[in-house]
Every structure is written in C-alpha cells, then in structure tokens.
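Asks: Single-letter residue listing:
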Amino acid sequence: MASKTFKSGVMAPEFKKQTRGKEIIDIAVPRRVILPLKEGPGDPAKPIVKKNDEVRAGQIIAEAQGGWGLPVRASIGGKVEGIVDIRNASGQSGKGIAIAGDGSMDLEKLEPLGNDISRFDPEAIAKRVQEAGILGMGGAGFPTHVKIMPPPDVKIDTVIINGAECEPYLTCDEKVMETRPEEIVAGLRILMRALGAKKGIVGIKSHKKKSIKLISEAAKDFPEIEVNGLVDKYPMGAEKMLIDALTGRRVPQGGLPFHVGVAVNNIQTAVAVKEAVLDGIPLIRRVVTVTGSGIKEPGDYRVYIGITVEELLKEAGGMKDNAAKVVAGGPMMGQALHQLETPMGRADTAVLVMTEQESHLPPERPCIRCARCVDHCPVFLNPITLANYSERQNIEGMERLKINDCIECGTCSFVCPAKKPLVQNIILGKGIVREAQSRNGGSD
Amino acid sequence: MATDKLVVTHAPHIRDRDSVPGIMGGVLIALVPALIAATIVFGWYSLVLVAVCAAAAVVTEWVWMALRQKEAKAIVQDYSAALTGVLLAFTLPPTTPIWMAILGSVVAITIGKQIFGGLGFNIFNPALVGRAFLTASFPMAMTDWVLDGTSTATPLGGAAATNLELFLGTIGGSLGETSALALLLGGAYLLYKRLIDWRLPLGYLGAVVVLALLVGEDPIFHLLAGGLMLGAFYMLTDPVTSPLSRKGRWIYAVVAGIIVFMVRVWGDAPGGVLYSILIMNMAVPLLDRFLPDRIFGEVKAK
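Which chain is which? The protein sequence lines are S and R, in order. For the first sequence, counting from 1, position 36 maps to 36 in the working numbering; every step adds exactly one. For the second sequence, counting from 1, position 226 maps to 226 in the working numbering; every step adds exactly one.
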C-alpha cells in the first residue's frame, strides 16, 4: 500500500517499544475520582449533585451548558465528596466533582438507538453523542456533537478516523485498533450517517500492519470505507496535516476541517460513538498509555475518567527512584505536571514519566539561522523569526508572519540544533497578540 | 520520589540529537578530502597554513568572548571559529606567509563576526571578510600562484589546463579550491547529512552553467575553475549569512551565480566567487523580509 503524507514535518523517534505488543490492562475501580466540569472549548457544566449524594456510574452529575457544552457523568458509583478546586494538565485551575467510590459498577445505561445504522436519524445521533459526553479523545477535546452538526450551508463528504497517533511513546490508539476494529468501523459508519458523508477513511501509519489488516477486514463489506497507510512522520496526526495527506485538500488559513468538506475524529472517539449509539454506554472509560523510563510497569491501561495521575501511576507499579518529570500527554505537546493530584479527563491520552537525566533540556546556544525550523514547520511558518518577535513583543511582526496559524506541534523546538525554546516563545507571542487585539476593541 | 520536586519544563520534552557543534564539526569533516588534495598538490605547508589559520581564529574568538564577558569556553567549543579559520586558509595562495594568514584570521573573526555580536549575528561570511581584507591589503601575495616551485597563472587567469586537470586539482590556485573532485566528495557528504540546503549549490552552479551556455563558453570549465565549487558548497551555504525562506534561498543562490559569471566574463579582476557571495550576503535581510514562504492554506492574494 502506498503511504500518504504531507509536506515537511519531521521523522521523530518512536519510543513505543516499552508498551507495544502488550495487552490492554483493565484497572480496578478506583477508590476516588475527580470529574472536571470543563473539558474542551465549551462552557463548564453545572453541578446537579451535592455533598454526600449517592451516585451510580454513568449518572449525569453536572448538566451541559451552552451549545458546545457537555454533561459530566459519574465514572464510578459512590458518594459525592464535594466540588473541589482542580488544576488540569495545562495548569489551568477549575472545578471538579470528587466522588469517593464504593467499588460498585452498576452502570446507568442509555436506550440504544437501534441496530440499523443506515436508518438512524442524524439529529438523534448528534443528541446521543452529546448526552453521552463524547469529545475528541485525541487530546483536543473538541465536542463531537458540534463536529457532526456543521452550519447548514456546509456539506461534509468525507469522515476521517485519525489513527496516526504521531506522538512518540503513545500506543493507546494502536491497542484499540488491534482489539476493537469492528467497533471503530461501526463508529465511523455512524459518524458518516450523521453527516451524510459518502466516504470514510481510516488513516493509520503504514508500519502498523496488524491494525491496517484488522480494520480493512472489518470494513470489507463497506466499499465506501477505505483504510489508508500513512508515512511515519510527525505531526501526521495534526488534523490539517492528516486531511492534506489523505485527501490533498488544504484547510484554508483560519479555517476548520468542515471548510474543505471533512470531519476528523480520533480512534477512541469512534469507539465511544459506537458504544453510546448502539450499546447505550456513556463515555466513562478510555485507554491511556502510561510509559517512560521512570515508570515501573509501562503499559496501556483502560481507566475510569477522573482517576488522578497519582493513583494511575500507582496502578502502573509506581515511579522509579530516578523519576523526575511527569508529562500529561505525549512528549511533543504534553504538559509537564506541577502536581500529581490532577484528574485524567476524557481527552487525556497518556502519562509519560521521565528520569532525572531525561528531564533537563540541553543547554541553549546562539541561533545559527540554519532554517531547520523553517524547513520542518508543517504549516510553513518562520518559527525563529516569530520567536524573536515574541521576545521583543513585536506585535506587528507577529501578525504579519501569521503567528495564529501556528498549530503548536513543537516540531521547531524539536529540530533546533541550538536548542532554542521556539514553540514556547511563539505560544507566549500568541498571548501577547491576543491581548493587544482585545485592547484595540476586538478588531482584527 | 518526592512529588514536590517535579521538574516542570515546556514541551517538547524530547529533542533532536543534532547540535550546533555537531553541524560545524560535520562541515569540518566534509573539508578533509580537500585538505588531503591540497597537501598532495601543494605540499606540507598547506597543512601548516590551515592549522595556523584555525588556531588563530579560535584564539581570537576566545579573546573576544572573554572581553565581552561571555562564557568563552562553551562558545569556542562550537567549532564555528575553527571552521572560519579553515575556510579562510582554503582561499589563500599556498605560499601565503604565516603572519599574513594569522592577520587574516584575526580580521575574519573580529571584523567578520565579533563586531556584529558573534555567532549567528554576522552579516557577511567571516572567512570571506578575512580574504577580502587580505586581497585589498596585499594584492601581490594574494595572487602568487605557485605550483611545483614555479609561479604560474591560474586557468581563469589564462593558463592552459584540461578539464581533467581542473577536476583533479593539479593546477595553480588557492590552497583548498583547486580539486573539484575533493570538494564534490565533501559536498556530497554535506548533502547526505543534510548539513546544507541543496537549493544553494544547485542555484549557484546552475546559474553559471546556464549563462555559460547562453554566451557560448564551456560550462564544464566554468564549473571546475577557480573557487566556484568551494564557494558553492562551503561559503554560500553558511547558514548564518544565507536566507531563511526557501524562496529567498533560490534568489540568493541564483543571483550570486549570475554575479560570479559576470565578474569572470566581463570583469577583469579575480575574485568573482568572493564578491558574489559577499554582495548577496548583504541582500539576505531584504530577502527574508520581502520573500517569505507561502503559509499552509494561505489564499493567493488577488
């Protein structure tokens, strides 16, 4: 099979051997979870339980607010401890509902929509996906029901399932592809039905032969679905890059996938959609990768949403003595945690534990203008100049060089031989530009 | 471990192995074939000149970094000063006196690099600044082409030479520029290791070939003669003094090629390569400013 790709990007090391090939480990029902009220870009949910209330697993404990909002469902049965202050993985503070588990998993299910996907009402699918609390499980956390209800003048002809998993170290999606291919295909068909899309594509790195074989087999009765191999390159899983690679369409500047008639969903999102629609199971569990040289038992764990990083690390055998850095997410875009009392949300893909030696970055040197950041940037920006403008707070310059087009993938910092914190400065620069724009009365 | 001691840094948490010293060291390795060729053609004094220039450049860099109260040791370890010294030596006639070579290196590092703020901030290729200074100050010594103990003209200066002699480098000329074979070997290494951008030598050499064909000169002779190969693979490609955008890099290389050809065919001074690169170095900030690459998904301006 010919591998598809996009222009530029970087061949990053994989680091996936630690967890590859092992079976998914189901963890025991945790004794405590914290469910964040806000995940993704929607409004925070509004709690409808109070301290000491008994809750069942799957029960709604906070109601969705606004068109992009999602309900929060209890992932375990037990007693509400209260509404607590939390810090999410990016260090932003918010509220969450803490539940002390009683070990029960008497799941409150929804009514399945039926069996015949081709007869489902698109609006009923969107409603179900929303009430099941489903969002983009690849990391961004964008509400899935918003993706499948585009503006009325937009026509989506292609649904892509993103199996690229381009972050080094991560294997959770790979494991789901290897164990639940039929459900991925069913989820894709439901999403295609909801959008009226004629074509479905599953994009998988070409070297993951097992995943490609299993999903191709699962999709063999559906000629409208194709499985495409992808070149092993970072950031292949970035939405815009993946669409370019698979369809040759380029999302316009400042645009979204629907502007080119495409909707992209993660592997685990597809499974969650299938479970919500066909089985009536809300999104309360997911598979995460726990890995790195600093963890004793690396593996892919099926967890309950809201488990704290601290408890999850204990499940994975605990940290080694030389562990020094804990990253939520992959090594390219993940955030280093300040504290381990951080809940794993629906969009959190992994926990990476790095050793003391790996944790400190190499010393910075002067930029030699080698232009590697320019040559590798997947959106063709000029990262070094943007980073310099950011340091000097040159707002006009940052706007001229389209700082807001940066997808924050970190490729520039990764390739920089001078070890400059390029993406870090660009992200800071975006904040400076945003602040200046809002000062000028919101004009752009 | 104690969780209050978590290391917190910004993503990405892994970095590529390549480093600034690695890149500079790689270019030095790529210069080894040309150094061997120079030693065979011009004798052991070539090695002495190269070593003297490199040492003088490193010492000058170290003194300046100390005066500027920078961490001198770490900076000098990046091999960039040594590279400047070696490249300067490659542009010198094989009879250059030691003191002149040292003076050239001091000027290259001081005027070519440190007064702009050191590595990464210089506008001109430092080695070529050193060479231009020596050419202006000692024009006789800088055109004293000796081969096998007798003074001779260079092929560009009118001496007869076959293209094979030019290719192997058994002719009069500057120390490191005569053997196209050795320079191409090193150039292939640079391209293979992705230490230089292929657009630069291709645009530069390509422009010379096209112009030679247009005016009816032998393109092979122009490719092999003089310092064109050395300039194409080692001087024009200096990352610090070449453009950041791909579009800018094409213009930079092609215009430099046009300049070198014009100097050779219609000018009467030597040093076309030297001045073509120094002139285009000046254009780099403009190219960067006005020829940015098109951004992903950018809508074509109407």
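Each hint should be verified, as a subset may be incorrect.
Computed spacing ranges between beta-carbons, pair by pair [claimed, not checked]:
| hint | chain 1 | residue 1 | chain 2 | residue 2 | range |
| --- | --- | --- | --- | --- | --- |
| 1 | R | Ala51 | S | His360 | 52 to 60 Å |
| 2 | R | Val146 | S | Leu361 | 49 to 57 Å |
| 3 | S | His360 | R | Met140 | 53 to 61 Å |
| 4 | R | His10 | S | Arg439 | 50 to 58 Å |
| 5 | S | Asp321 | R | Trp44 | 21 to 29 Å |
Here are the computed lysine-lysine pairs in the BS3-like style, where the Cα-Cα straight-line distance is at most 25 Å [to be verified]:
| hint | chain 1 | residue 1 | chain 2 | residue 2 |
| --- | --- | --- | --- | --- |
| 6 | S | Lys320 | R | Lys193 |
| 7 | R | Lys70 | S | Lys16 |
| 8 | R | Lys193 | S | Lys220 |
| 9 | S | Lys22 | S | Lys420 |
| 10 | S | Lys209 | S | Lys16 |
| 11 | S | Lys51 | S | Lys22 |
| 12 | R | Lys70 | S | Lys7 |
| 13 | R | Lys70 | S | Lys199 |
| 14 | S | Lys419 | S | Lys402 |
If you are wondering where the hints come from, they were derived from the structure by calculation, not from laboratory data. Being a predicted model, the structure only gives us computed values, none of them experimental. Where is the CB? At the ideal position from N, CA and C, for every residue including glycine.
Asks: Give a verdict on every hint.
Replies: Against the structure, the hints come out as follows:
1. Ala51/R to His360/S: 52 to 60 Å: violated (37 Å)
2. Val146/R to Leu361/S: 49 to 57 Å: This hint holds: roughly 52 Å between Cβ atoms.
3. His360/S to Met140/R: 53 to 61 Å: holds (56 Å)
4. His10/R to Arg439/S: 50 to 58 Å: violated (26 Å)
5. Asp321/S to Trp44/R: 21 to 29 Å: Taking Cβ atoms as reference, Asp321/S and Trp44/R lie about 57 Å apart, which means the hint is violated.
6. Lys320/S to Lys193/R: violated (37 Å)
7. Lys70/R to Lys16/S: violated (41 Å)
8. Lys193/R to Lys220/S: The given pair, whose Cα atoms are some 43 Å apart, is violated under the 25 Å limit.
9. Lys22/S to Lys420/S: violated (36 Å)
10. Lys209/S to Lys16/S: The hint holds at about 15 Å.
11. Lys51/S to Lys22/S: violated (40 Å)
12. Lys70/R to Lys7/S: Violated. Lys70/R to Lys7/S sits at ~40 Å, over the 25 Å cutoff.
13. Lys70/R to Lys199/S: With a Cα-Cα distance of about 60 Å, the restraint between Lys70/R and Lys199/S is violated, given a limit of 25 Å.
14. Lys419/S to Lys402/S: holds (23 Å)
Violated hints, listed in ascending order, are 1, 4, 5, 6, 7, 8, 9, 11, 12, 13; each of the other numbered hints is respected by the structure.
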